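Enquirer: As you go down the protein sequences, you meet chains L and B in turn.
Numbering of the first sequence is given in the UniProt record's numbering, commencing with residue 1 and proceeding in unit increments.
Numbering of the second sequence is given in the UniProt record's numbering, commencing with residue 1 and proceeding in unit increments.
No lab work stands behind these hints: they were computed from the structure.
Since this is a predicted model, take the numbers as computed values, not measurements.
Idealized CB from N, CA, C, for every residue including glycine.
Among the hints, erroneous ones may be present.
To be clear about the criterion: a stretch of chain B counts as covered by chain L if any three or more of its residues have a C-beta under 8 Å from a C-beta of chain L, and this derived list gives those stretches [unchecked claim]:
#1 2 to 8
#2 47 to 60
Only pairs whose alpha carbons sit at most 25 Å apart, straight line, appear in this in silico BS3-like list of lysine-lysine [as the list claims (entries may be wrong)]:
#3 B:60 x B:195
#4 B:77 x B:6
#5 L:77 x B:60
#6 L:23 x B:138
#7 L:159 x L:74
#8 L:59 x B:159
#9 B:138 x L:6
#10 L:163 x L:60
#11 B:24 x B:54
#12 B:159 x L:46
#13 L:6 x B:6
#14 B:60 x L:54
#15 L:6 x B:59
#16 B:159 x L:24
#17 B:195 x L:24
#18 B:138 x L:46
#19 L:23 x B:195
#20 B:6 x L:60
#21 L:60 x L:23
#22 L:23 x B:163
#23 B:138 x L:24
#24 B:163 x L:24
#25 B:77 x B:60
#26 B:160 x L:46
#27 B:6 x B:60
#28 B:46 x L:74
#29 L:54 x B:77
#30 B:6 x L:46
#31 L:46 x B:59
#32 B:159 x L:23
#33 L:59 x L:74
#34 L:54 x B:159
#35 L:195 x L:60
#36 B:60 x L:6
#37 L:54 x B:46
#38 L:6 x B:46
#39 L:6 x B:159
2 protein chains.
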Amino acid sequence: MNYPSKLVEDAVNEISRLPGIGKKSALRLALHLLGQEVEDVTELTKSLIALRQKTVYCKKCHTISDTDVCSICKSPKRNESLICVVEEVPDLLAIENTAQYNGLYHVLGGVISPIEGISPSDLNIDSLLDRTQNGEVKEVILALNATMEGDTTAFYLTKKLRKQGIRVSGIARGVPIGSELEYTDEITLGRSIAKRIMFD
Amino acid sequence: MNYPSKLVEDAVNEISRLPGIGKKSALRLALHLLGQEVEDVTELTKSLIALRQKTVYCKKCHTISDTDVCSICKSPKRNESLICVVEEVPDLLAIENTAQYNGLYHVLGGVISPIEGISPSDLNIDSLLDRTQNGEVKEVILALNATMEGDTTAFYLTKKLRKQGIRVSGIARGVPIGSELEYTDEITLGRSIAKRIMFD
Numbered sequence: 001m002n003y004p005s006k007l008v009e010d011a012v013n014e015i016s017r018l019p020g021i022g023k024k025s026a027l028r029l030a031l032h033l034l035g036q037e038v039e040d041v042t043e044l045t046k047s048l049i050a051l052r053q054k055t056v057y058c059k060k061c062h063t064i065s066d067t068d069v070c071s072i073c074k075s076p077k078r079n080e081s082l083i084c085v086v087e088e089v090p091d092l093l094a095i096e097n098t099a100q101y102n103g104l105y106h107v108l109g110g111v112i113s114p115i116e117g118i119s120p121s122d123l124n125i126d127s128l129l130d131r132t133q134n135g136e137v138k139e140v141i142l143a144l145n146a147t148m149e150g151d152t153t154a155f156y157l158t159k160k161l162r163k164q165g166i167r168v169s170g171i172a173r174g175v176p177i178g179s180e181l182e183y184t185d186e187i188t189l190g191r192s193i194a195k196r197i198m199f200d
Numbered sequence: 001m002n003y004p005s006k007l008v009e010d011a012v013n014e015i016s017r018l019p020g021i022g023k024k025s026a027l028r029l030a031l032h033l034l035g036q037e038v039e040d041v042t043e044l045t046k047s048l049i050a051l052r053q054k055t056v057y058c059k060k061c062h063t064i065s066d067t068d069v070c071s072i073c074k075s076p077k078r079n080e081s082l083i084c085v086v087e088e089v090p091d092l093l094a095i096e097n098t099a100q101y102n103g104l105y106h107v108l109g110g111v112i113s114p115i116e117g118i119s120p121s122d123l124n125i126d127s128l129l130d131r132t133q134n135g136e137v138k139e140v141i142l143a144l145n146a147t148m149e150g151d152t153t154a155f156y157l158t159k160k161l162r163k164q165g166i167r168v169s170g171i172a173r174g175v176p177i178g179s180e181l182e183y184t185d186e187i188t189l190g191r192s193i194a195k196r197i198m199f200d
């Protein structure tokens with residue numbers, strides 16, 4: 001596309017490098033920013049620079065943090081005998097948002113995938129096993145996605161953690177609350193019957 | 001949503017103020033930027049600031065421009081007897097991209113809309129009538145959207161321009177090339193028969 005302004009062209013090129021934003025959306029965003037106050041655009045760019053330059057990863061659980069150790073790991077209100085293992089930061093945020101979990105976390109940074117060449121040493125697994133070695137941690141909850149890679153990683157971690165005498169659990173899989181049985185996919189429904197919960 | 005990092009929270013809040021980007025997409029973008037090189041993020045923010053601070057609107061046709069008068073208005077290759085009137089800058093870009101038009105443009109900055117309180121004086125109409133008064137312009141093409149407001153604006157402009165002795169035309173409406181008649185909406189199809197083109 002030809003733009004009558006080189007500045008707009010540059011901005012569109014930069015914005016469209018973001019994931020999920022094509023040239024058309026980028027142009028729409030650029031034109032939107034053109035209509036904003038200079039201060040508003042400056043606020044946006046300042047926060048992006050601060051985000052990139054000042055955000056660090058917690059050295060204990062590897063989540064995003066403003067400080068060396070994140071606010072969750074530092075909190076005295078958290079149950080330190082419980083660690084929930086997730087693949088990526090958004091998974092942690094999703095669980096935090098339920099307000100149903102009071103333990104600590106550990107972000108793996110991915111899952112074991114031989115096809116993509118991701119081996120255990122590429123993930124934050126050693127640091128997890130370091131944390132579970134101190135005797136304080138009693139249980140590790142594996143909250144990985146139900147993919148082949150997620151299951152492989154869960155299997156690998158379970159073996160390693162059991163050797164340390166740690167209890168390993170996984171999040172419950174089943175028919176989502178509010179869903180109708182009729183429209184639930186057959187793998188989920190089948191599993192929710194096979195792994196049913198006894199009421200007694 | 002609670003974020004373990006205030007910096008991420010700030011960035012998500014800023015990004016989600018952009019049109020069409022919700023909190024979830026904003027978080028995805030923020031986490032993406034976290035994984036980029038500092039230089040790449042700086043390039044992005046620099047281009048946004050430059051966009052906002054240095055981009056101006058062409059004082060002749062009101063499109064986005066790096067200079068007082070845009071590259072289209074300045075070009076000696078353009079047919080100065082022809083002005084295409086569009087609502088917004090993206091419309092101009094879309095027409096430019098067809099490489100089928102060689103005249104000049106005029107960006108109205110919207111359409112007349114009594115409901116939204118937009119009257120002719122809120123739009124770049126006076127400057128259009130100034131441009132068409134000099135005797136050089138022979139024809140004005142109205143490339144407005146086929147909405148009630150677009151049609152109202154076209155009617156208003158046609159009256160004003162005809163008084164100046166300017167020929168007024170509109171872009172052709174009809175079945176898009178490549179579309180099947182069967183699936184064309186009935187208003188378009190009906191109009192394409194009523195306003196058919198004679199082959200002789």
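Enquirer: Hints first: check each against the structure and report whether it holds.
Expert: The hints, checked one at a time:
Coverage of the stretch 2 to 8 of chain B by chain L holds in this model, with 7 residues showing a Cβ closer than 8 Å to a Cβ of that chain against a need of three. Under the rule that three or more residues need a Cβ within less than 8 Å of chain L, the assignment of the stretch 47 to 60 of chain B holds, with 10 such residues. Between residue 60 of chain B and residue 195 of chain B the CA atoms are separated by roughly 34 Å; this puts the pair beyond 25 Å, and the hint is violated. For the hint pairing residue 77 of chain B with residue 6 of chain B, the CA-to-CA distance comes to about 54 Å; that exceeds 25 Å, so the pair is violated.
For the given pair, residue 77 of chain L sits about 64 Å from residue 60 of chain B by alpha-carbon distance, which is inconsistent with the 25 Å threshold. Distance restraint check for residue 23 of chain L and residue 138 of chain B: the Cα-Cα separation of roughly 35 Å exceeds the 25 Å cut-off, and the hinted pair is therefore not satisfied. Taking the CA atoms of residue 159 of chain L and residue 74 of chain L, the gap is about 29 Å. The hint is violated against a cut of 25 Å. Annotation: proposed proximity of residue 59 of chain L to residue 159 of chain B is violated, straight-line Cα distance about 71 Å (limit 25 Å).
Taking the CA atoms of residue 138 of chain B and residue 6 of chain L, the gap is near 30 Å; set against the 25 Å cutoff, the hint is violated. Using a Cα cut-off of 25 Å, the hinted pair residue 163 of chain L and residue 60 of chain L holds, with the two alpha carbons roughly 21 Å apart. Taking the CA atoms of residue 24 of chain B and residue 54 of chain B, the gap is near 31 Å; set against the 25 Å cutoff, the hint is violated. Taking the CA atoms of residue 159 of chain B and residue 46 of chain L, the gap is about 49 Å. The hint is violated against a cut of 25 Å.
Annotation: proposed proximity of residue 6 of chain L to residue 6 of chain B is violated, straight-line Cα distance about 35 Å (limit 25 Å). Note on residue 60 of chain B and residue 54 of chain L: the hinted pairing is violated, with a Cα-Cα distance of about 45 Å set against a maximum of 25 Å. Distance check on the hinted pair: residue 6 of chain L and residue 59 of chain B sit about 17 Å apart at the alpha-carbon level, within 25 Å; holds. Taking the CA atoms of residue 159 of chain B and residue 24 of chain L, the gap is near 34 Å; set against the 25 Å cutoff, the hint is violated.
For the proposed pair residue 195 of chain B and residue 24 of chain L, the alpha carbon gap of about 32 Å is over 25 Å, so the pair is violated. Pair hint residue 138 of chain B plus residue 46 of chain L does not hold up; C-alpha atoms about 49 Å apart against a cutoff of 25 Å. For the proposed pair residue 23 of chain L and residue 195 of chain B, the alpha carbon gap of about 35 Å is over 25 Å, so the pair is violated. For the hint pairing residue 6 of chain B with residue 60 of chain L, the CA-to-CA distance comes to about 18 Å; that is within 25 Å, so the pair holds.
For the hint pairing residue 60 of chain L with residue 23 of chain L, the CA-to-CA distance comes to about 40 Å; that exceeds 25 Å, so the pair is violated. At most 25 Å may separate the alpha-carbon atoms for a hinted pair to count; residue 23 of chain L and residue 163 of chain B exceed this at roughly 41 Å. Straight-line distance between C-alpha atoms of residue 138 of chain B and residue 24 of chain L comes to about 33 Å, which puts the hinted pair past the 25 Å bound. For the hint pairing residue 163 of chain B with residue 24 of chain L, the CA-to-CA distance comes to about 38 Å; that exceeds 25 Å, so the pair is violated.
Our distance criterion of 25 Å between C-alpha atoms is met by residue 77 of chain B and residue 60 of chain B, whose separation comes to about 17 Å. Between residue 160 of chain B and residue 46 of chain L the alpha-carbon distance is near 47 Å, which puts this suggested pair outside the 25 Å criterion. This hinted pair does not check out: residue 6 of chain B and residue 60 of chain B have alpha carbons roughly 46 Å apart, beyond 25 Å. Restraint check for residue 46 of chain B and residue 74 of chain L: not satisfied, since their Cα atoms lie roughly 36 Å apart, outside the 25 Å limit.
For the hint linking residue 54 of chain L to residue 77 of chain B, the alpha-carbon distance of about 51 Å lies beyond 25 Å, and the restraint is violated. Distance check on the hinted pair: residue 6 of chain B and residue 46 of chain L sit about 14 Å apart at the alpha-carbon level, within 25 Å; holds. The suggested pairing of residue 46 of chain L with residue 59 of chain B is violated, with an alpha-carbon distance near 31 Å, which exceeds 25 Å. Only pairs whose Cα atoms come within 25 Å are accepted, and residue 159 of chain B paired with residue 23 of chain L is rejected, the gap being roughly 37 Å.
A hinted pair counts as satisfied when its Cα atoms are at most 25 Å apart, and residue 59 of chain L with residue 74 of chain L qualifies at roughly 11 Å. Between residue 54 of chain L and residue 159 of chain B, the direct Cα distance comes to roughly 60 Å. Violation of the 25 Å bound is thereby established for this hinted pair. For the given pair, residue 195 of chain L sits about 34 Å from residue 60 of chain L by alpha-carbon distance, which is inconsistent with the 25 Å threshold. Of the supplied pair hints, the one linking residue 60 of chain B and residue 6 of chain L holds, its CA atoms being roughly 18 Å apart against a limit of 25 Å.
The hinted pair formed by residue 54 of chain L and residue 46 of chain B meets the criterion: a straight-line CA distance of about 18 Å does not exceed 25 Å. Proposed proximity of residue 6 of chain L and residue 46 of chain B is supported: the alpha carbons are some 14 Å apart, at most 25 Å. Using a Cα cut-off of 25 Å, the hinted pair residue 6 of chain L and residue 159 of chain B is violated, with the two alpha carbons roughly 37 Å apart.
Checked against the numbered hints above, the structure violates hints 3, 4, 5, 6, 7, 8, 9, 11, 12, 13, 14, 16, 17, 18, 19, 21, 22, 23, 24, 26, 27, 28, 29, 31, 32, 34, 35, 39; every other hint is satisfied.
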